[in-house]
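Chemist: These are the residues of each chain, in order.
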Amino acid sequence: MFSYLLLTAWRSLKRNPFLSLLVVVGIALGIGVSTTFVTAVYRLSLHPVPEKEDRLFYVRMDSWNPERPWRDSLPDDPPDQMTWRDALEVTSGDIPTHQTFMYKAELTVHPEDKDMRPFRASTRLCTNDFFALFEVPFQYGGPWSNAADAAAEQVLVLDHATNAKMFGGEDSVGRTLRIEDREFMVAGVMAPWRPIPKYYDTHNNPFEDPEEIFLPILLSESMEINGAGNDSNWKGYERNEYADTLASERIWIQTWVQLDTQRQKDDYAAFLDAYALDQRKMGRFERPLNNWTQETAAWMRDQHIVPAEAKTLLIISLLFLVVCSVNLIGILLGKFLARAPEIGVRRALGASRGTIFMQHLLECEIIAAVGGLAGLGLSVLGLWTIEALFVIDLNFKLDLNMVGAGMLLALVAGLLAGTYPAYRVCRIPPAQYLKAQ
Amino acid sequence: MLEMKNISKVYRTEHVETHALSELTVTVEAGSFVAVMGPSGCGKTTFLNTAGLLDTFDTGTYHLDGQDVSKLKDREMSRIRNEKIGFIFQTFNLIPDLNVFDNVDVPLRYRGMPAGARRQAIQESLDIVGLSSRLKHLPSQLSGGQQQRVAIARALAGTPRLILADEPTGNLDSAMANDIMDLLEKINETGTTVIMVTHDPELANRAHRQIHLLDGRQIDLEMDEPVPLAGDRAATVGE
Amino acid sequence: MEFGPIVRSLFHNKTRFWLVTLEIALTLALVINCAVYILDMGSKMNRDTGMDIENILVVHTEPVSPDFKDETFLSQVRDEDLRLLAAQPGVLSATAFHQIPLSGSGSSAGRRAEGSDLNTIVIPYYLVTMNALRTLGAELESGRDLMASDYPPAGQDDIRDDDGVQRFNVLVTRSFADKLFPDGDALGKAVVNNDGTSVQTIVGIIKHMNNSWPTSDFGSDVMLFPLKPGTAERMRYLVRTRPGGLDALAATLEESMLTTNPDRIITLTSLAEVRDDTFSEDVALVKIFGGVIVLLFVVTSLGIFGLASFSVTERTRQIGTRRALGATRAAILRYFLIETWVITGIGLTLGTGMAFGLNMALASIADSPRLELPLLLTGIVVFWLVGMLAALLPAMRAMMVPPVLATRTV
Ligand SMILES: Nc1ncnc2c1ncn2[C@@H]1O[C@H](COP(=O)(O)OP(=O)(O)OP(=O)(O)O)[C@@H](O)[C@H]1O
Ligand SMILES: [Mg+2]
Numbered sequence: 001m002f003s004y005l006l007l008t009a010w011r012s013l014k015r016n017p018f019l020s021l022l023v024v025v026g027i028a029l030g031i032g033v034s035t036t037f038v039t040a041v042y043r044l045s046l047h048p049v050p051e052k053e054d055r056l057f058y059v060r061m062d063s064w065n066p067e068r069p070w071r072d073s074l075p076d077d078p079p080d081q082m083t084w085r086d087a088l089e090v091t092s093g094d095i096p097t098h099q100t101f102m103y104k105a106e107l108t109v110h111p112e113d114k115d116m117r118p119f120r121a122s123t124r125l126c127t128n129d130f131f132a133l134f135e136v137p138f139q140y141g142g143p144w145s146n147a148a149d150a151a152a153e154q155v156l157v158l159d160h161a162t163n164a165k166m167f168g169g170e171d172s173v174g175r176t177l178r179i180e181d182r183e184f185m186v187a188g189v190m191a192p193w194r195p196i197p198k199y200y201d202t203h204n205n206p207f208e209d210p211e212e213i214f215l216p217i218l219l220s221e222s223m224e225i226n227g228a229g230n231d232s233n234w235k236g237y238e239r240n241e242y243a244d245t246l247a248s249e250r251i252w253i254q255t256w257v258q259l260d261t262q263r264q265k266d267d268y269a270a271f272l273d274a275y276a277l278d279q280r281k282m283g284r285f286e287r288p289l290n291n292w293t294q295e296t297a298a299w300m301r302d303q304h305i306v307p308a309e310a311k312t313l314l315i316i317s318l319l320f321l322v323v324c325s326v327n328l329i330g331i332l333l334g335k336f337l338a339r340a341p342e343i344g345v346r347r348a349l350g351a352s353r354g355t356i357f358m359q360h361l362l363e364c365e366i367i368a369a370v371g372g373l374a375g376l377g378l379s380v381l382g383l384w385t386i387e388a389l390f391v392i393d394l395n396f397k398l399d400l401n402m403v404g405a406g407m408l409l410a411l412v413a414g415l416l417a418g419t420y421p422a423y424r425v426c427r428i429p430p431a432q433y434l435k436a437q
Numbered sequence: 001m002l003e004m005k006n007i008s009k010v011y012r013t014e015h016v017e018t019h020a021l022s023e024l025t026v027t028v029e030a031g032s033f034v035a036v037m038g039p040s041g042c043g044k045t046t047f048l049n050t051a052g053l054l055d056t057f058d059t060g061t062y063h064l065d066g067q068d069v070s071k072l073k074d075r076e077m078s079r080i081r082n083e084k085i086g087f088i089f090q091t092f093n094l095i096p097d098l099n100v101f102d103n104v105d106v107p108l109r110y111r112g113m114p115a116g117a118r119r120q121a122i123q124e125s126l127d128i129v130g131l132s133s134r135l136k137h138l139p140s141q142l143s144g145g146q147q148q149r150v151a152i153a154r155a156l157a158g159t160p161r162l163i164l165a166d167e168p169t170g171n172l173d174s175a176m177a178n179d180i181m182d183l184l185e186k187i188n189e190t191g192t193t194v195i196m197v198t199h200d201p202e203l204a205n206r207a208h209r210q211i212h213l214l215d216g217r218q219i220d221l222e223m224d225e226p227v228p229l230a231g232d233r234a235a236t237v238g239e
Numbered sequence: 001m002e003f004g005p006i007v008r009s010l011f012h013n014k015t016r017f018w019l020v021t022l023e024i025a026l027t028l029a030l031v032i033n034c035a036v037y038i039l040d041m042g043s044k045m046n047r048d049t050g051m052d053i054e055n056i057l058v059v060h061t062e063p064v065s066p067d068f069k070d071e072t073f074l075s076q077v078r079d080e081d082l083r084l085l086a087a088q089p090g091v092l093s094a095t096a097f098h099q100i101p102l103s104g105s106g107s108s109a110g111r112r113a114e115g116s117d118l119n120t121i122v123i124p125y126y127l128v129t130m131n132a133l134r135t136l137g138a139e140l141e142s143g144r145d146l147m148a149s150d151y152p153p154a155g156q157d158d159i160r161d162d163d164g165v166q167r168f169n170v171l172v173t174r175s176f177a178d179k180l181f182p183d184g185d186a187l188g189k190a191v192v193n194n195d196g197t198s199v200q201t202i203v204g205i206i207k208h209m210n211n212s213w214p215t216s217d218f219g220s221d222v223m224l225f226p227l228k229p230g231t232a233e234r235m236r237y238l239v240r241t242r243p244g245g246l247d248a249l250a251a252t253l254e255e256s257m258l259t260t261n262p263d264r265i266i267t268l269t270s271l272a273e274v275r276d277d278t279f280s281e282d283v284a285l286v287k288i289f290g291g292v293i294v295l296l297f298v299v300t301s302l303g304i305f306g307l308a309s310f311s312v313t314e315r316t317r318q319i320g321t322r323r324a325l326g327a328t329r330a331a332i333l334r335y336f337l338i339e340t341w342v343i344t345g346i347g348l349t350l351g352t353g354m355a356f357g358l359n360m361a362l363a364s365i366a367d368s369p370r371l372e373l374p375l376l377l378t379g380i381v382v383f384w385l386v387g388m389l390a391a392l393l394p395a396m397r398a399m400m401v402p403p404v405l406a407t408r409t410v
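Chains as they are written, first to last, in the numbering used here: chain A, 1 to 437; chain B, 1 to 239; chain C, 1 to 410.
Worth double-checking, as some hints may not be accurate.
Claimed, not checked - List time: in silico EDC-like cross-link candidates among lysine to aspartate or glutamate, alpha-carbon distance up to 20 Å:
| no. | chain 1 | residue 1 | chain 2 | residue 2 |
| --- | --- | --- | --- | --- |
| 1 | C | K287 | A | E309 |
| 2 | A | K235 | C | D217 |
| 3 | A | K311 | C | E62 |
| 4 | A | K104 | C | E62 |
Keep in mind that the hints were calculated from the coordinates and are not lab data.
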């Protein structure tokens, strides 16, 4: 029986291929546009490290101007970065499972090969816990040692692409690379790694690649490296030496901790407050105590990773789907009612209302399924377009999730749009359409 | 076979109420061949539709094949239509984009018969109407008489107990009409009850019995009295 | 043909009629709200930057030698570069900037009027060498340009008074001057930072120029600071050429600059490109909103087309009869066009309300720009035309129905 309904539905589609195409195009556009934006916004707001969702925290401490909050518009928020001295101190305890403090810089790499010009490499200065904290995959070697961190040794970790560029992709662990005026030894080479967004530091461009080179952060002191990210400052200072900056109230360091248990969370919060109170004795941290260990998701929201326009587009695209569904209802209704005489015959020959209803709903679902598939194709095009236009990598995959969600959306839309026309057509009184016209 | 008591049906539109059937009482024996006659608009089609469970009625009782069908659900009525009743219409009402085979197949499909049995039933019923050589033709490729024969085959395929024909020859010339009539008689001979609406007294005379309707009621006419002319009400209203 | 019967027969098919009306209304609301964004961004992007951006070359240099950590050396290279740049053929003026206007990255400070106890306001600033205005092509409205005497004496990198307060003469834009000195008497007045340790006297007012964030609400607030820019990490120059001379200059410049000092990486772009880069996201959004509008029109045209087609198919016989009774082809065409016209009209009327509603809803979620009446009217007119076009094909089909159809059975 079902197969006969399917066959009948299919015949009805074939009878008027142009109209069917029209309907399929309509639903495909709706699904295409809405899944494009849903996927884009979903990708953007996806938790970057779902397995550490409630264990990874961004640390924010209110060391700002006693007279004015960090942002007049966000008077309750502590600053979005930390001073060097605070970051150094609050990551030196043993409460968190992992912890690091870091900043971004640009350093000059001098290739050994004299044919290659020196180039600027984006560089992250951090502690070796960075790699465990953010679960960075390694191809060769691994993070540098604790000792290397403590002694600010000249070691580094290279990203996959830079290793390919400098060492032809070979295992370069133990080899050296000249950066600025120093020789560095390669401790590890990362496997390809591209978190989206680049959640560990979203300050400049949240969708850029991770840095090319990673160095122990304490090298900053001797190499006098300036940050290349955002920084702000509320208290002027005399900058005679590099160390003046490190001792200043300038905020430019990002601090992350991993806290696995409630105990750790409580202890670490208490530790931050104790530190701030201690600093207050020295005339710092004069604002009300306001130190945050912020979950990654909340931090991403504060950083506006998903721009306001994206939300607008999401709403518009869903309303677009509504328009397409209304369109679908209208066309289906017309298509179905135009067939009233045939329905009359089928009813006379023993088709119940339920059978007629099912047959038409099936027809809608066939349309929806074909439209959904076409829509998914369109949404891949749409996502490519978005990636090209915004020069970002959404790293989306036409995987089971996306196909499933897209098809589900299509089938639900088909069901919603098809129910009324199918209902109308099954309520047609058969006698009326069997008369000689 | 069919027993209607005091059946009334009123069509209500915004402005008028039409009593299409009023207190109609009709009994049809199983295996009989009945012709329904009466002037245009007297309720013949309405009667047939009601008898065939295509249309509901307002008051009265209706037993079909011994079963009270006055208060059945749509699904049950559909099953009765499918299994016990075959319809033949004046305008044939074949489904234009199904070929002959598929048209005859429709009621069998709704019955959920297995493919082999369906094929056999279709073949047999098309043999009866003499069209088994035109399985792949579309209705538009057939003459009016052929179309009506396909419609009859479709009505027959499900081996119904009751055939309801609404002016089956109305759109056909007299030679063709006689062919169709022969066919209906042949079907009736196998024990199937046939109720046929017609305006043609000659054809009506070939039935076992005639029912005359006027303004939604059955009127009894002596068989030797003249059959009322269509539309000529004054001549017949004797009540 | 009669208007009344058309409308009456429309209401015969109530549901389908209301569905298309609803679709048209929703589409109008969406189209208009997408257009609001496009117009808003367009007006932001097309604003006058106050600078001769087509003829300004941005020279970005990144030293790769530790020599540049030495301030004297750095300063020497800068002076040589500026001399070299100014001497290039076709160059009007060259100035070193610590950040590039329109680029999306820059520095800002907080300042208030001296003697005022209001909160400081944000002021984007640029450290510049001499001739900045000439290089930018910005116009001095009153006062004077920065002079050599405004800069710290050689060997010093600051000017401070006896109390250790930093004191400079600066140029600001009219827009910023008016924010701190609403009476328009900014020239000669001073601005100070929060704790009073840095005081700047306004010696000249720039008529208009954009800073690094041209679309922000402080996009025209600028302060030019007489402090020579440049760090061991980077040094940037703006070079203004005679109209059309930019490409020729860019072709040879890298090589000549490397002869002054080879230890750096040089990147050249035009200021216009920098601006386009900064706007690239807005341009992308404009394209996306535009695309959505086009698709909306496509879908709704399909809807209108579908409705008109059914309307014609259902009435094919009736049309034949009318033709047989003497209706002209034009009358039949007119009949169906009027029908669509009425439907579209009702839909657009409903849509006007929805457009405002959606605009308010979006504004409350993601502060979107306001909907203006002229835009709405334009949208309605365009939509009406699109609707008529969509109905044209079915209406023409109706027109071609031959009168014989009236007598034919199906
Ligand atoms: N759907 C309907 N709505 C309103 N009135 C109806 C409807 N169908 C039939 N009628 C009315 O019911 C009455 C009986 O109609 P019916 O079709 O049964 O007549 P008929 O005897 O078959 O006539 P004919 O010989 O012309 O086919 C007529 O007066 C007709 O106007
Ligand atoms: Mg009749």
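Chemist: Are the hints correct? Go through all of them and say.
Modeler: Do the hints match the structure? See the list:
1. K287(C) with E309(A): holds, 13 Å
2. K235(A) with D217(C): Roughly 25 Å separates the two Cα atoms, so the pair is violated.
3. K311(A) with E62(C): At roughly 39 Å apart (the allowed maximum being 20 Å), E62(C) and K311(A) break the hint.
4. K104(A) with E62(C): holds, 17 Å
The structure fails to meet hints 2, 3 from the earlier list, while all remaining hints are met.
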